[in-house]
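Trainee: Both chains are given apart, each in its own frame, so use the hints to dock them into the complex.
Heads up: the sequence lines are chains X and P, in that order. In this text, residue positions in the first sequence follow this note's numbering: the first is 1, and each later residue adds one. In this text, residue positions in the second sequence follow this note's numbering: the first is 1001, and each later residue adds one.
If you are wondering where the hints come from, they were derived from the structure by calculation, not from laboratory data. None of the values given here were measured: they were computed from a predicted structure. Treat the hints with caution; some may be incorrect.
What the hints assert, rightly or not - Simulated restraints, written as ranges between beta carbons of each label pair:
no. : chain 1 : residue 1 : chain 2 : residue 2 : range
1   : X       : T118      : P       : G1355     : 37 to 43 Å
2   : P       : V1181     : X       : F156      : 40 to 46 Å
3   : P       : K1527     : X       : G171      : 38 to 44 Å
4   : P       : P1317     : X       : K57       : 45 to 51 Å
5   : X       : K138      : P       : L1312     : 29 to 35 Å
6   : P       : L1333     : X       : G171      : 37 to 43 Å
No residue lacks a Cβ here, since even glycine has one placed at the ideal position from N, Cα and C.
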Amino acid sequence: MKTDIILAGVGGQGILTIAAAIGFASLHENKYVKQSEVHGMSQRGGEVQSHLRISDKPIASDLIPLGNADLILSVEPMEALRYLPYLTENGWVVANSVPFENIPDYPSIERIKKEFDTLTNSIWIDAEELAKSCHSPKSSNIVMLGAASEYIGLGFDSLKAGIEQVFSRKGKNVVDDNIRALEAGRQFSLKL
Amino acid sequence: MQQLVLLGAEAIAQGALDAGISGVYAYPGTPSTEITEFIQRSRISTERGIHSQWSSNEKTAMESALGMSYAGKRALVCMKHVGLNVAADGFMNSSITGTGGGLIVAVADDPSMHSSQNEQDSRYYADFALLPVFEPSNQQEAYDMAFAAFEMSEKFHLPVMIRITTRLAHSRASVVTRKSVDQNSLKLPEDPRQFVLLPALARKRYKRLLSLQPELMLASENSVFNNLGSGTDHSLGIIACGIAYNYVLENFPAGIPFPVLKISQYPAPVEKVRELSETCKSILVLEEGYPLIENSLRGMLNNSAIPVHGRLDGAIPRDGELSPDIVAKALGLETKTGPDVPAFIASRPPSLCKGCGHIDTYNALIEALKPIGGGRTFSDIGCYTLGALAPFEAINSCVDMGASITMAKGAADAGLIPSVAVIGDSTFTHSGMTGLLDAVNENSPITVIISDNETTGMTGGQTSSAVGRLESICLGLGVSNEHLRLITPLKKNHEVNVAVISEELNYNGISVIISRRECIQTAVKHKKVSKS
Ligand code: SF4
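Chain P on its own, in the form it takes in the complex (with noise of 0.2 Å):
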């Protein structure tokens, strides 16, 4: 036992490698990626020999860590919100298939979008999968509920979700853990055909999912993680999911007035919904997200026997994250409030780095463009979306993982010749190069510009499965050599530079344009790793 102060996302870590994971998979995405990392830099996983590379891509992880939960091991797969989306095909089979050994999804959302293009709620997609999910109120709960979520796995041969939001993952809080659980051992499914979704199989491995049903609904029910407190005043009873918990615990120092249902264990226990119902005269339902319980509590008709209040009817804002003050306001507490902000006080939105070569690509590529004209720049996610805004507003999309290079093929097939993609590696090789085979295949008029800075610049400098690969994945995929260059994102090569993407855009087919000098905060922590 020890007291360690840890990040909720670092809690998740560090219970998972106490309950004896054999590996994590992930790729990083805030406000994810610090799970992955702590297992990295953690002296256990070295000893143990635990997997924590780096996978390509969110699919790729969720298969792998599958492929170890076949093996009898326990495994941690991590991803943002918009992650899931990608893995989405392998995590909704993996309800299917079920486990061998322990399988947790931990996903982190990011309602209000601090780091996101949306913010979906993670709980909608296990409950499409039929699974359980844990979503701890503190950092405490979310080292727990890695043991928890581990024997729920290993009980019902079930993967596990485990949902955090922006705030817990990001929030540091001190943690007491327990003793730690060696390793399982390697062990094959029992049933050998029990990964082999052939319709037949399938069919019958979907009816026992359905069975288990009602059984996580019994252990959602008698959860510790779930309990109902007693209040003295009915006249509101408060439904709180996750971290919503402690916004009202916050507004209510010397106790909680009402009757308090406390979810963090989903699927959402009926019967305890059931008695809050029954004994209140109105309920709040307080969730750090979509409105999934409140919802259903309301039905299609809208016809539920007490008022709901909530995101529905306004009482809570629709969208972005809660905090204290909204809990506040919605429980008709008073709120107060410092001076207002000076009119002058100008926003300060992020901005790429002083001296990082997406500048210097992003000029070469506006002049580039002058004489055809703009409007044709499909852009993808990482820290040169930032182009977007100005100086540069050079980018004219940003969509999901891998959509400028398709979405410039799709561009062009409609006619406008030439369309233009910017991506960074790490994307590329995430999901950008079977949109490239694609365009490949087509030889579509579009040119590719891969802004190369050898690394996962945006979520803090990850190692970059595209190193060193870039020039033989695009030439294997089938881009002629001529139409493949390289240039350096540097003030003095900007003629060169913009010599050479003009003479692409000119070109009337597929080329690729690779632009490579590596990320300075990343170049600027090698060179302090060299000297030590």
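Excised from the complex, chain X in its bound form (with noise of 0.2 Å):
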């Protein structure tokens, strides 16, 4: 069994937050895991990528091969298209609908929405929406994440106690809130 996932994002959006959630999942179930990220320049609000591979068996390279990516999971609508030649056949695409427009360029999100229909296995969702109406307005990653929980190949418990690794350091409520999130992204992908 193994999983191949593109994070996709704006620099300074935390999508590293994300990998480092599923990340301790993995080791939760004692898997594999290989995760890249990008540092330097592009965190200056450019296009930025993290490929995380996880799998029973050892894993070789850190990078994902084109055509290889069971999942693309991004927290802006234009960056999920961007790594569209890294999906596999009936891969999935969830993305954030929430646009961030940093560059004068931006297509329009009529243009996006229609493009993203087109994929066979997708899912568009306004995390930030969703993360206020649970009352965790500062999740809206981890609504992605939860949204996306089915096709990442680990337990949903795995990924909760993933999420407490990741924000113990900040408290009960912070936990819970992010809990909160995780369940209500999972809730809306389900309810599809």
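Mentor: Written out as structure tokens, the structure is:
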């Protein structure tokens, strides 16, 4: 069993929190993990991605080969489409619908949505709205993780444990906020 | 023994800590920064009193580490590839002096230039200095090699390089740690003249370095990190260096049919290369970086006994980092790909953070330059380099750390008057001060703007050596009080700032304008710290 995940977003959006939660969750299940991330210049509002690989067997490459990603999880709608060449047949694309517009030629959101709808397996979610409605306004990234939780190849309890590990230093309230966000995201996807 | 999930950079740091370092010396630079940051954060380093404060630049770091090694202790010095250019004087000569306590020079190269001006390959520097190199293929090896490199360094009394590239530096995987080793005790070199490179003494030391080469080669031939895997299909032999080995493995999940020589320790093991090439019909060389091994296999006349494939014949692109897909193509394997990227997807280059002080500095400079004309602003390495892009398009150069001031001076010498330099505070104390002294000595008609964000912003907000010292440094170097100006880059100060810059542009001599406002990212961090 192996899951290859591309996490996508814009520098500063905090995709590494998602990566860390999945990473801890994988170790919880005694799986092998490799996770490559972007540091440096692109972190200043540029496009950023993280390759996350989970497997029962040792993992060779730190990078996912093209056409192999089981999941593209993007916290920004346009960024979700940037990594399509990585997507495997029948892979899932889960994207936050709230655009991050810091460039003059940002395409219209209708155009992005139209393209998104041509994908076989996809989930389009307003993570910010959902985070607010479950009283965890700062946890839209974890809503995204919840929305994608079916396609990560890990048990939901492991993901919860992963979140606890990531946020435990910040206190019980923060952990609870994020667990609520995770569940809200998951419920959203299950209802589709 | 413990299992930790670490970035490749962090694995070197943890390895060095466990191998008993007494200090790490470094200047921040992507992708090497996390080595030092990890040591700074680690509990062991506080408990054991391990030195981990940032140095002003890579040269001071290299020399301080050599000093620690002189005193018998194990030292680690870290830098990015272009940082080794700055440290090169110390590095090249440290191979002649040799070491006392173990000395590791950890260099992180950045092929594909994710965050750099070039993609130079540090293995050439080690080759040049006749020093051994370890090049880990994964995080576990990065950890283990810290031990191996210190042992080797103390065995041969030579500095040893650990070379990684961006992908390994910034990729996390689990690492099993070992029992930690105590620090060395203070010990002076047995030969009091070992480190005195007077010509007569240096000649002897150089002969020693030369005489060690066969032993370094033997160490590579017998290294556990260099192994020759047997294969059934001898139509091709593969040489895979460092992380490239993983990409080969990735492409053959059921086992590699070809003999593969994994090279992770240099000098490259010649006998193993010979064995591979004598049993195979052709060779594919996979190197992350420049074609170092490929070049020497081909030879000047390109008349190797069997065909050699790699970066030089186009089997692999000549530039840029490797990937599993590039390696698959070179192996003639089928690759797949998902849907194309829709044409309307716009690229999203990095940009200055909203509200960053550099923005207000550039806006004021652009306006002040309007009556004089553009094409005269030399800049430097940092977040403010993004001033080259729209909407600013405010700078005309970015070459190396500190080059803004010296290039402005040279251009002014040529008659481009006034010339302007834009440099950050941390870059200024890294390599700008000596250039400013040149300009002061000749009272060159240049205006130096130090865009002072009171941190090393680009690499994530490390403490800048310049904090609290810029004015006194400039005055000490001889800038006159009258032409040392201070502005605060805020929108509301725009008119005043334009006026100050204009005045100094019109002054026919050296002036320095410090444009000071803390980096907002660092400011947020500071607020968090003071709250908790
Ligand atoms: S990190 Fe700091 S210095 Fe760099 S762009 Fe952002 S605010 Fe400006």
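Trainee: Does each hint hold? Answer for all of them.
Mentor: So, going through the hints one by one against the coordinates:
| no. | hint | in the structure |
| --- | --- | --- |
| 1 | X:T118 <-> P:G1355: 37 to 43 Å | 38 Å, holds |
| 2 | P:V1181 <-> X:F156: 40 to 46 Å | 43 Å, holds |
| 3 | P:K1527 <-> X:G171: 38 to 44 Å | 18 Å, violated |
| 4 | P:P1317 <-> X:K57: 45 to 51 Å | 30 Å, violated |
| 5 | X:K138 <-> P:L1312: 29 to 35 Å | 52 Å, violated |
| 6 | P:L1333 <-> X:G171: 37 to 43 Å | 50 Å, violated |
In the structure shown, a violation is registered for the earlier hints numbered 3, 4, 5 and 6, in ascending order.
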